[in-house]
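Participant: Now for the letters of each chain:
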Amino acid sequence: MKTKSLAIVIPAFNEEKTISEVINGLPKKLPGISKIDVIVVDDGSKDKTGILAKRAGAKVLRHMINLGVGNAYKTGLKFTTKKYDIVATMDADGQHSPKDLVKIIQPIARNKADVVVGTRLKNPQGMPMVKLAGNWIMNFITYLFSGIWTTDSQSGFRAFSQKTLKLFRLKTGGYEICTEMFSEINKYGLKFKEIPIKVIYTKHSRSKGQSIANAVNIVTNLLKRNL
Amino acid sequence: MIYFIQAVSAFLAGLVISKSWNDFRRGKEPLPIFIFWVVAWGLIVVLAFFPFLVDKITLSLGGQIIGMGRVFGIALVFVFYVVYRVYLKSNRVEKQLNELVRKIALKDVSDKK
Numbered sequence: 001m002k003t004k005s006l007a008i009v010i011p012a013f014n015e016e017k018t019i020s021e022v023i024n025g026l027p028k029k030l031p032g033i034s035k036i037d038v039i040v041v042d043d044g045s046k047d048k049t050g051i052l053a054k055r056a057g058a059k060v061l062r063h064m065i066n067l068g069v070g071n072a073y074k075t076g077l078k079f080t081t082k083k084y085d086i087v088a089t090m091d092a093d094g095q096h097s098p099k100d101l102v103k104i105i106q107p108i109a110r111n112k113a114d115v116v117v118g119t120r121l122k123n124p125q126g127m128p129m130v131k132l133a134g135n136w137i138m139n140f141i142t143y144l145f146s147g148i149w150t151t152d153s154q155s156g157f158r159a160f161s162q163k164t165l166k167l168f169r170l171k172t173g174g175y176e177i178c179t180e181m182f183s184e185i186n187k188y189g190l191k192f193k194e195i196p197i198k199v200i201y202t203k204h205s206r207s208k209g210q211s212i213a214n215a216v217n218i219v220t221n222l223l224k225r226n227l
Numbered sequence: 001m002i003y004f005i006q007a008v009s010a011f012l013a014g015l016v017i018s019k020s021w022n023d024f025r026r027g028k029e030p031l032p033i034f035i036f037w038v039v040a041w042g043l044i045v046v047l048a049f050f051p052f053l054v055d056k057i058t059l060s061l062g063g064q065i066i067g068m069g070r071v072f073g074i075a076l077v078f079v080f081y082v083v084y085r086v087y088l089k090s091n092r093v094e095k096q097l098n099e100l101v102r103k104i105a106l107k108d109v110s111d112k113k
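Protein chains in written order, with the UniProt record's numbering: chain A, 1 to 227; chain B, 1 to 113.
Incorrect hints may appear among the rest.
[Unchecked claim] 30 Å max Cα-Cα, derived BS3-like pairs, lysine-lysine:
{"no.": "1", "chain 1": "A", "residue 1": "Lys-224", "chain 2": "B", "residue 2": "Lys-103"}
{"no.": "2", "chain 1": "A", "residue 1": "Lys-59", "chain 2": "A", "residue 2": "Lys-103"}
{"no.": "3", "chain 1": "A", "residue 1": "Lys-224", "chain 2": "B", "residue 2": "Lys-89"}
{"no.": "4", "chain 1": "A", "residue 1": "Lys-4", "chain 2": "B", "residue 2": "Lys-107"}
{"no.": "5", "chain 1": "A", "residue 1": "Lys-46", "chain 2": "B", "residue 2": "Lys-28"}
{"no.": "6", "chain 1": "B", "residue 1": "Lys-103", "chain 2": "A", "residue 2": "Lys-4"}
Hints are computed from structural coordinates only; laboratory data are not their basis.
Assemble the whole structure, with the sequences as input and the hints as a guide.
Facilitator: Structure (structure tokens):
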């Protein structure tokens with residue numbers, strides 16, 4: 001089997017507490033992967049996120065100002081699309097287990113899927129009730145906009161084949177990009193797979209993420225995108 | 001007796017004109033723009049306090065009585081058009097800004113190689 005190159009894109013905004021640990025915890029070698037690069041998109045952080053990420057060995061793309069997580073994804077994906085066979089995305093708050101990376105990229109490496117989403121909700125132990133409810137609302141909104149029912153539409157742990165990223169035309173710049181990706185999957189008839197992942201809940205990771213109130217913003221931006 | 005609409009228009013006019021004056025003093029706004037806001041909001045306050053002036057003006061120009069209701073209707077259409085234009089422009093500027101920041105981020109990385 002031909003070995004493939006992998007880029008792990010991590011959008012980060014004010015994550016100096018966790019970024020080094022997240023990067024250092026990533027595997028240096030994976031079966032069937034010849035090259036692994038970590039790309040951190042520092043989305044206008046006011047702290048030392050970018051410096052620490054670089055020190056930990058990541059390539060750092062720095063936004064001069066904070067543009068939002070969607071724009072951070074877009075910058076990271078633009079940088080990696082033509083250079084790597086597989087691109088994975090992870091959160092910078094340390095909630096994703098690096099051990100799950102193999103499971104996420106395997107279906108793509110074996111040409112069994114074009115997009116893989118790590119779902120936290122097939123085993124939601126430890127997830128606060130508010131976040132569970134919020135995720136369900138977002139899954140429903142995602143279904144309305146994309147026609148795809150997913151158990152975790154807001155998961156940041158994903159993997160994409162190069163073919164997928166060349167097709168995607170992402171327009172949004174905030175959290176709604178998670179839903180927009182499902183619209184693109186449906187639009188191009190891509191093979192999509194969900195893989196259960198473990199979530200590491202710490203005081204820090206619980207404080208991050210989006211609130212239910214943000215659903216209004218997300219719907220407004222998705223409506224704007226589709227008009 | 002001062003009606004609610006008169007109080008609100010006077011309050012908003014005070015707010016806009018004082019903000020505009022501050023910006024003008026600090027050199028953030030040119031004189032013609034400051035004058036435009038003073039005249040525009042001055043007119044709004046005058047019409048709010050003396051609505052009969054609308055009919056006097058239209059009659060003296062050879063027209064007929066149109067009433068404040070119609071003036072508000074016309075103003076609303078105009079305001080919606082302005083909001084639409086501002087929305088388009090802000091959207092375009094936001095996209096350009098995002099693209100610019102992204103290009104700089106990508107260029108910085110390729111320059112460091």
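Participant: Run through the hints listed earlier and report the numbers of any the structure violates, in increasing order.
Facilitator: No numbers; nothing is violated.
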